[in-house]
Structure formats: structure tokens, C-alpha cells
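As you go down the protein sequences, you meet chains A and B in turn. Final position of the first sequence in our numbering is 425; the numbers increase by one with none missing. Final position of the second sequence in our numbering is 1425; the numbers increase by one with none missing.
None of these hints come from the bench; they were simulated from the model. All C-beta atoms, glycine included, are put in the ideal place defined by N, C-alpha and C. Worth double-checking, as some hints may not be accurate.
Stated by the list, open to error - The calculated lysine to aspartate or glutamate pairs, modelled on DMTMM-like cross-linking and capped at a C-alpha distance of 20 angstroms, are:
no.	chain 1	residue 1	chain 2	residue 2
1	B	K1007	A	D53
2	A	K313	A	D355
3	B	K1007	A	D355
4	A	K313	A	D357
What the hints assert, rightly or not - If we take Cβ atoms under 7 angstroms as the criterion, some of the chain B residues that face chain A in the derived model are:
no.	residue
5	R1006
6	G1009
7	R1090
8	A1140
9	Q1205
10	A1348
2 protein chains.
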Amino acid sequence: MVQRRRKLGRGVAVIGGGMSRFGTFPEKLGRDLMVEAYTEALQTVGKGMDPKDIEALYIGNFTSDSFEDQGHLGHIIADTLGLAPRPATRVEGACASSGVAFREGIMAIASGMYDIVLVGGLEKMSLLGTEHVQDALGLAADVPMERDDAGYTFPGLYATMASAYMARYGSTREHLMHVTVKNHQNGSLNPKAQFNVTLRETMEQRKKRNAQRGEPVPNWRDEFDFLMDPGPNPLVAWPLYLFDCSPVSDGASCIILASEEIARNFTDDVVTVAATAQASAGPFSTWGGDITSIPSARVAARQAYEMAGVTPKDINLAEVHDCFTAAEIIAIEDLGFFEPGKGAFAAAEGQTTRDSDRPVNISGGLKAKGHPVGATGTAQVLEVWNQLRGKAGPRQLTGRDLRLGLTHNVGGTGGTTVIHILERK
Amino acid sequence: MVQRRRKLGRGVAVIGGGMSRFGTFPEKLGRDLMVEAYTEALQTVGKGMDPKDIEALYIGNFTSDSFEDQGHLGHIIADTLGLAPRPATRVEGACASSGVAFREGIMAIASGMYDIVLVGGLEKMSLLGTEHVQDALGLAADVPMERDDAGYTFPGLYATMASAYMARYGSTREHLMHVTVKNHQNGSLNPKAQFNVTLRETMEQRKKRNAQRGEPVPNWRDEFDFLMDPGPNPLVAWPLYLFDCSPVSDGASCIILASEEIARNFTDDVVTVAATAQASAGPFSTWGGDITSIPSARVAARQAYEMAGVTPKDINLAEVHDCFTAAEIIAIEDLGFFEPGKGAFAAAEGQTTRDSDRPVNISGGLKAKGHPVGATGTAQVLEVWNQLRGKAGPRQLTGRDLRLGLTHNVGGTGGTTVIHILERK
């Protein structure tokens, strides 16, 4: 079959969006967090909107079945938000669940069925202890092959990719630390972030705490010295240490989509979907021998650039799936921002900081903003939408023209990758 | 907002479909069953097709997380069927999961993104004991409200609706038995059905078994007498007894969809999607006092008829969601086939048998065909597609013009309802 360039039957725009704070909230159900996200989203619609105008919902969630003892989440959210009997569909792509929900909302509008759709995602992870969270996240792998036969944990899978990368390209643990430092720096400017302090502040807090407790006060020289200390930063799965891993989080996010034809009824700041792309992959053994790059991400990236008619150089900012620091390195290569093997070195040289030409994870990323897995995809979209409109508050990028932003959302180790490019009109 | 008539941007047709046998298969994973369904589906494409032409997958599944210790099912199925890196999205609407998957596939094609899409569903339920199956199915309810506060089990919810119906309309347990007898009769003609014997045959088998074992042989006069015996038909939740309930099943089903423009490249028997409709609802307490009818089903039915431009009288056959016998009674009223309160009596009068004007659940329904919950929606579509094309084998309806068939697929107690109307061109 001839590979044709993908095209939507009609244009789709983002007209609103919101998110709960990400963190751990023992007193709240997942649905409560979605109420917070939705309430904010309605307030962001420039010219206002009547919630009755929302015609359908797509809700991304990985496994509330495991995390919260609740399935069939679509109708729960429709009912909780007062939107029943509107159709509400839960979509699942592991940690890419709400990236996929965003995509389904786009296609539902492009299909002609709906003009206005609410898409979002949520995950309430903190009810379970960390050990059980690992069990639940492990369901994103090919369980009989990767867990039962090969004995992998979820961090173990990414650690394997990270060590393969380091072996092949000669990078070190210190390269990964630069991702940690950067994303915590970015998160410090994000009031919704789970960790909205810099690593230096975290380090100073630990010193102060130790002093108050009368315990020895470590003499860490800087953040890198702090990260080398196995006390605050113990090994998880070599070469990934605690501060290489995104946290266990609760949170929700959502986006309101409209057909491009009617978007100006709701806002003067029109941001449209320039590309939506998704791809899948099996376990490592099907990857053709190279696990330093995620095949589904490369495929989806190529399709996204083709659909938008742009190149990696045209992207002004990107939110990528840094569930682990090493995943961010691989992401910026799979997206074509850097050549294979150059990403780790580029990150260490500051080529992805908020002062660089193409900042990565200005929101703090999964690492610092938090990673309530089903909420991550639409939270990425929200950051890009806010930046493109100049509405990102204290972390707004300034002194540059922002036209194109990209989101890169990965389920499992690339079982699902979904990539979107948004464009300010 | 003005309620506009829903319309797809372009037409969508069914060009293939298949299913595994439904039953309990201890030696098979859910993915193995999908291989069987997919293999059959490829063979049913009239003029043949290259699997490479499939551009995307939508996989309906309720909770493989709970049933099979496997999440992120989309990529598993894409990889297993050799279809990676094509995008594969799992959609979940409890027992309506693959009805929803079918709908997402339709919209994906109508959106212009794809020309050919594989949609399907699967569930592997039998690994868990019946008690744990109940726990897993219970996740389809609003757990904090319906299970934790109100103390409902899943059969208990439908039993409450059934007893409310009987109290309001004066029907009895015997009316429900007619649904059981009919659906087993239909299932006896379906070689893929979990129970492909009539109730009378089941009754005779039990007699023979008792005789062989030297146990007393009951003198059941007929199927109704058999169903009144608490030995073979014990109480589950009054007024629902064992033979009022669909079984615990393993199975998979799938459908191949194409844009209407290209459908004739694949088949001369073109069957198109005349309507797709979906609606949601919260728990009983939000239903306005009447629990003898499912609000989301009424809304979805009205939208489906509007979209197709037809009335209930125009429907030639229907596959409805008889997870319990009482659910079939409520379904045929919600669909407008019978007035409220008349369905139970109509069923007892034989107005829904395969010899009637508008047969219901010719396949055997969930009751006799089996109900691997995520597989049910596309299995319903498969039956209607086969009947409309005259390809339903020993249970083909004859001596009548079949033009319009309807599927009615319900998640939970109507948290999600999805209705489709297919039309033979």
C-alpha cells in the first residue's frame, strides 16, 4: 500500500485546559483531581463557554483498576463533572494514556461527529505502597515475556536501555544528572509541580533538617555532589538512581478541543493541532538489536513532522516523556533534535535548558512536575498550549517567537508512543 | 447549544470480521484468542486483503489488568498480530469496551486519518475463580457509591432493576425464563457459542448423567420445570437465578473497517455503518427515580435512529446486551421495540424469537454465546454483519429481506451504552 500523508478531514484547535496540582493527596479520589483540572480548564476559555457545549469526553487512565480499585472510569468522570449523558470513553496506552485520549478527541472532531470535546487524564497512584506501584506499572510491559520470563521490573527495562546507551556512546551517570538538575530547576518555576524546588534548594533543606535533628550535616559541594551521595540518592536499577526516576504521583489534567471553524468563538489565541501521530512496538526482542532508541517514537516522530510539514529544527519547545532521565536523552534523539549518541552530551552542555534554542520540559517534566501516568499526556499539551499563548506565568519563555511546540508521550518502553505538534496561528 | 444531527465526514463499511470460539480455555492467553479471531477475519474479506493495509487498531478490553495480570493491551495485540508499528489503542467501557472500540475505529476513518482499521475486543476471564470474577466485574460500577456505600454486587445491581420492573409491571420470573430458553435455542445453532445446546438438551444431558451415576433422575416436564429446580438453577440474586446470568467466558472478536469509498475494492457485499451513538450515566441515584429503563440506552437509541434516519420498526434484527435475562427485557424497551412494561410479555409471547418479525439475539446472545466482556461488542457486530450478508450459516435468517441490523452494548448498568445500526447496501 502506498504510504499517504495523513490529513485530518477538518482542523482542530485547543481552546482550554487545566490541571490539578501534581503530588500525593491521600484524601482525594482520582475523580476529585479531575474536578480541579476541569474547573480550571473552563476558566481558561478566553471568551468563556457553557459546559453544556461539551459533546463528548475522552479520559486517559492507565490502571485505576489496580491503583484505585475502580474501572469503567469514563462514565465516572462524566457523572462527576455533571456531563452525563454525554459519551465518555476511557482510553489506555499505559503512561501515554492521555496523549492517546487527546488524539482520539482530535479524530472525533475531525470525523464530523462533534464540535467540542473534553479530553484529559488522571491517575491516583499513591494509595498503593511503592512496591505495589511497581507491580501495577509492570503491567505496561509484555508481562509473560518481559516480567515472567525475563524477570524485568519497570525501572529495570529503562535501566537496560540506559546502560546500553552508555556502553555504546561512552556517556556516564553524570550526563543523566544534568537532566535531573535541569528539570528540577524548571519545576521550581511551576507552582503545580510535585517538586517545585531546585535541587540546590532540596540539598540545602536536607542540610538544615539534619542540623535540626542533630545529625551529621553533609558537606555537599553542589547538586552533582549531592546526587553522588547514596544517602539521598540510592540506587534503583543501575545506572538509574532515585533522582533519575519520576515520582509516584496523583493528578489530573484536561484540554478542551474545538473544531478550528468555531475556535474563534471561544478564543482569540488560536492554537491548532498541526500533527497527531501514534505508533506501537513489541518488547526489546522485536527491536532489531538496538535498544538505545525507541522504534515507535522514531516512527511517530517521522509521521508527525510529515503531517505538520515541518522539521525538528522548526520546533520551538518540547515536552518529552522523561519517566527516567535516560528516557529524556533517548527522546531528544528519537525526535531528531540531536543525532543518535549526541543527546547525553548535548544535555550536559545545556542545549535543552530553558535558555537554549529549543527548551525541553520547561514544565519540570515528569521528573519534577510529577508523573500521575494517565494525566501526563494532556499535562504536556497544556504546557505547550500555555507557552505558545504566552500564558505560562513565571516560567513563560520570553524574547523569542514561539510558533510550534511538540509533545512526546510514551507508554511502557515504547509499546505506545504518541506525538503531537501544536501551532500558534 | 442547538442539538445537531450527527453525521460522519465520510462513510465507513465493514469488510471483514471473525471471532474465536467463546468458552473457557485454560491453556490460552487472551492474545491467543485474538489471533484466532483475526485469522478468521482476514479470511472473510470477500476479495482478500493484505494485512499490511491495516493502518490502526482499536482494542476493547475491560480489565485484563484484573483478569490476566496484563495492562497496556493495545501494543500487545499489535505485536502479536504482526501489525506493529501501527498505532494500537485500547479503549475501555466495561462490558461495552469493543462496542466503543468499533465506534472509535469508525471515527478514525471518518476523520480522514485512516482508510482501513482493525477493531476488536477480548477478555480472558476464566483464570480467576467466580468469586474474583465478581470482584473484577464490580469495578464497572461506581465503586465508592455502589459497592462500598450501598453494598451492591454486580448481579445485585441488575437484580434490583429486575425486581423494580416486576413490581411495576406485574411480570414474573417465568417471563425471564422465556429469554433463557430462546437464547439457548439460538445458541444451539451457533458453533462458536459457549453453550451451543438447547436447554432441553441440557436437561436431558443432566438426566442421563444422573442415571449413569446412579443418582435420582429428576422428572422435569420441560425447560421451565427444569429452570424452577434450584438444583441445576440456584438463586444468584433474586429474581435472577443461575440461568438468568451470562457465563464467565474467554474469547475475542474483531471487525475490519474501511472507508466506504474503497470498500468495493475488498467486497461486493457492502454493509455500512448507518449510525453510531454512545451515552453515559451515573449510578441509580442519578436516574430520576426510575430504574426499569437505562437512561444512557434511551439517549443512545434516540441518537442512533436520528443519525440513520430510521425508526425502531425499520430494524430487521438486533443483538442486545443480555448480560442477564432481565437486561434483554429492558433493552428491547429502551430500543423502542416495545412500549415500557410490555417487553417481558412480548418476550414470553415469542415476539423476539428467530421466527418473529424482529429477532433478538439470534447468535445466542451473551447468555448462550458467552460474554467475554471486552469481546462482546464486536461479536454483536459480527453477527449482524453476517446475517445482513446471508453468511450466518445454520442460523441464517431466511425468507425475509434483511437491510438494517442493530447492536446494543452496555457497560455496567448503563454507565456506558453504545448502539450501532448497520445497513446492507
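Supplied contact hint for R1006 (chain B), tested at 7 angstroms Cβ to chain A: holds (5 angstroms)
Agreement of hint A1140 (chain B) with chain A interface, Cβ distance less than 7 angstroms: The hint holds - A1140 (chain B) has a Cβ within 7 angstroms of chain A, the shortest such distance being about 4 angstroms.
Interface hint status, G1009 (chain B) versus chain A (Cβ within 7 angstroms): Hint holds; G1009 (chain B) Cβ to chain A Cβ min 4 angstroms, cut 7 angstroms.
Given pair status - D355 (chain A), K313 (chain A), alpha carbons within 20 angstroms: Measuring from Cα to Cα gives roughly 16 angstroms; hence the hint holds.
Satisfaction of hint between D357 (chain A) and K313 (chain A), Cα-Cα up to 20 angstroms: Holds, at about 10 angstroms.
Status of the Q1205 (chain B) interface restraint (C-beta, 7 angstroms, chain A): Where the cut-off is 7 angstroms and the nearest Cβ of chain A is about 36 angstroms from Q1205 (chain B), the hint is violated.
Residue hint A1348 (chain B), partner chain A, criterion CB-CB below 7 angstroms: violated (31 angstroms)
Hinted contact R1090 (chain B) with chain A - closest CB pair below 7 angstroms: Hint on R1090 (chain B): holds, closest Cβ of chain A at ~4 angstroms, below 7 angstroms.
Satisfaction of hint between D53 (chain A) and K1007 (chain B), Cα-Cα up to 20 angstroms: Roughly 17 angstroms between the alpha carbons, so the hint for K1007 (chain B) and D53 (chain A) holds.
Given hint D355 (chain A) paired with K1007 (chain B) - CA-CA distance at most 20 angstroms: Given that 20 angstroms is the threshold and the Cα spacing comes to 47 angstroms, the pair is violated.
In the structure shown, a violation is registered for the earlier hints numbered 3, 9 and 10, in ascending order.
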